[in-house]
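Asker: This is what each chain is made of:
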Amino acid sequence: MTSFLARRVAGALVILLIISAITFYLFYAIPRDPARAFCGKICQPETLALIRHNLGMDEPLFVQYWHWLVGIFAGREFVQFGECPAPCLGYSFATQEPVFGAIVDRFPVTLSLTLGASVVILAFGILTGMIAAWKVGQPLDKIASASSVIGASLQIYFVGPLLAFYLVDTMRLIPRPSYVPITESPVEWFTHLMLPWVVLSIIFTANYTRMTRSQMVEQLAEDYVRTARAKGMSNRSVFFRFAWRGAMIPIVTIFGVDLATLLGGAIITEQTFSLHGIGELAVRAVQNTDLPMLLGVTIVGAAAIVLLNIVVDVLYAFIDPRVRLS
Amino acid sequence: MTFPSSTTTDDAADSVDATPPAGSDPAIVGRSPGQLMWRRFRRDKTGVISAIIVLAFFLIALLAPVISALYGKDPYSTYGQNQPGLLNEYGYPIAPNGGMSGEFWFGLEPGLGRDVFMQLVYGIRTSLSIAVIVTVITTVVGVVMGITSGYLGGKTDYVIGRVIDTLLAFPSQLFLIVFLPVVEAAIVLPEEETPVWLRYVSICIVLTVLGWATIARLLRAQVLSLRTREFIEAARVTGASPGRIIFKELLPNLWTPIIIQATLALPLFVGAEAGLGFLGVGMTEPTPDWGRMFQVGVNVYHSDVTYLIFPGVSMLIFVVAFNLLGDSIRDAFDPKTKR
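Chains as they are written, first to last, in this note's numbering: chain R, 1 to 326; chain Z, 1 to 339.
Chain R extracted, bound-state conformation (with noise of 0.2 Å):
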């Protein structure tokens, strides 16, 4: 297990290094003038001077790369500007202040956010598809497709404000979608969170029904259920302890595929319901052109998105035990 563990954050590493290179390089190469890109709609001279300055832009790509990476750990100065301490990602000139530190501010909002959709999501997914594989009747199976037809082509930018103008402005049965910290409160990060962690679930929910659905119908088939059932395990049994492990192994695998449209379909959510995450530092980042910030959100995500695989491959230990991590 340690061994694993080890193995798999080497080789996260080395993907991310290659990412934070290759990004490093579109937006240091790509436009006509970085320096200029990076001080934002608005830019003085002194401030551009002090920008190209900063980074050093007269060096060649690799070497201002090299300060990046080593200011990841040993943290930079920036002149006039200010200090960017030790998982220093870059500054943020159009905002004034380090990019880490904007990010890390955000994160508990986008966290509560996906987490909470993907337990929606896989709780109540799971559950539906589950009782729709006990009773294996028409009506619900059809019910299921169809509504993960509709489901995935639901838009959130429609389905959230349409919910919210119902269930909020008009019924008031819960509060305005906002972020209130866990540690602050638990019941209202709870309520204030629902409506967003719903939307945010409804394009998958559905299909994750049909997915539980197929894949139970398909492990009650199997030589090793008959071998149980033989024996005289009583169905529920056959059904929550056998069948249940091998229908997880796949659903598992497509969640991890899925993490990152939910991570996408968070960034839309909080859009919507106007909730100050990562997603919605990104998007007014590209309305300042505020280029360190957009590098530094590229990373975190591409890191976040490692990082879930790497669960999601140990979760798999647990399921099934055919799996070695070694």
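You may find that some hints are simply not true.
To be verified - Under 8 Å between C-beta atoms, here's a sample of chain R residues computed to sit facing chain Z:
| # | residue |
| --- | --- |
| 1 | Y224 |
| 2 | V225 |
| 3 | I268 |
| 4 | V286 |
| 5 | L291 |
Said to hold, decoys possible - Heads up, incomplete: computed chain R residues facing chain Z, CB under 10 Å, no partners named:
| # | residue |
| --- | --- |
| 6 | L17 |
| 7 | S20 |
| 8 | A37 |
| 9 | F107 |
| 10 | L111 |
| 11 | Y157 |
| 12 | V159 |
| 13 | P161 |
| 14 | A164 |
| 15 | L167 |
| 16 | L262 |
| 17 | A282 |
As the list claims (entries may be wrong) - Simulated restraints, written as ranges between beta carbons of each label pair:
| # | chain 1 | residue 1 | chain 2 | residue 2 | range |
| --- | --- | --- | --- | --- | --- |
| 18 | R | H67 | Z | T166 | 40 to 48 Å |
| 19 | Z | A186 | R | P181 | 38 to 46 Å |
| 20 | Z | R244 | R | I254 | 33 to 41 Å |
| 21 | Z | T238 | R | A146 | 28 to 36 Å |
| 22 | Z | S225 | R | H67 | 42 to 50 Å |
| 23 | Z | Q35 | R | I131 | 37 to 45 Å |
Honestly, the hints are just simulated from the structure, not real lab data.
From the three backbone atoms N, C-alpha and C, an ideal C-beta is built for every residue, glycine too.
Dock chain Z against the given chain R, drawing on the hints supplied.
Answerer: Okay, now just chain Z, sitting in the frame of chain R:
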């Protein structure tokens, strides 16, 4: 993928696999896979209805100027501001349901007071044209990369494979909005106004760069399994050139997955383009764009929810119809696949 190459001419039954009743004309004619596909497709009601809806959307996009002339409005005039009595002091339509009336069928846009119906009709043009362009380019790039990777194998395959994996693993929505300003910064400086054509082109570029991997991966897998099949080996043994093997032997077997994948990709690109508009990084004013209608809709829904419903429902209909059409085409091409 091989299809039965001959079947009976039984016009009345119009079915592919029905055997003719004894005594009827037993003439056997060959039908191309395309004809077979068309016959199967025609019997699929969902598919036909979806196809009609999709065609209607394309027609509306093409005929937008005609519709505009008949309807007597254009998407740019701010009717609400020009004519008194349409918008109240806060900029919201005075008439109920977002100002829907005989004159303004779908109501008025809050604030600027433009005609919603015209915004929608012209908005289809923007979204659909970008989606079609991107679908065509990603399909071509994906096919080339997929076949190259699968056919050559070895190091080329390894490199292309890793690039595909990386592209598919990362959040494309995030990369979309991140790389859009980078692409634009290659041409304009931040203080300059981005020209509309440049935004259009950069949206296409970014969507293409991030979108070709899906189809490439699919085709790579197909080619990998095809290239060990006997007919390819036979071609190779008889001394066929790689060009002949690729174009005459491999490609005819790949049309089915290519067409299916392209149909499934198009609605995704419509959604992605609208998503960009919604986030405020898509097409800029005054070009009508569905995504930007959603952006306005999210800001005004507290007071005028009708404005949001029109683009929302139109897009839902389009995407559902296109997805169902994609499923039907898949069923028609390849009846054996299990969904």
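Asker: Hint numbers the structure violates, sorted upward?
Answerer: Failing hints, ascending: 1, 2, 6, 7, 9, 10, 15, 18, 21.
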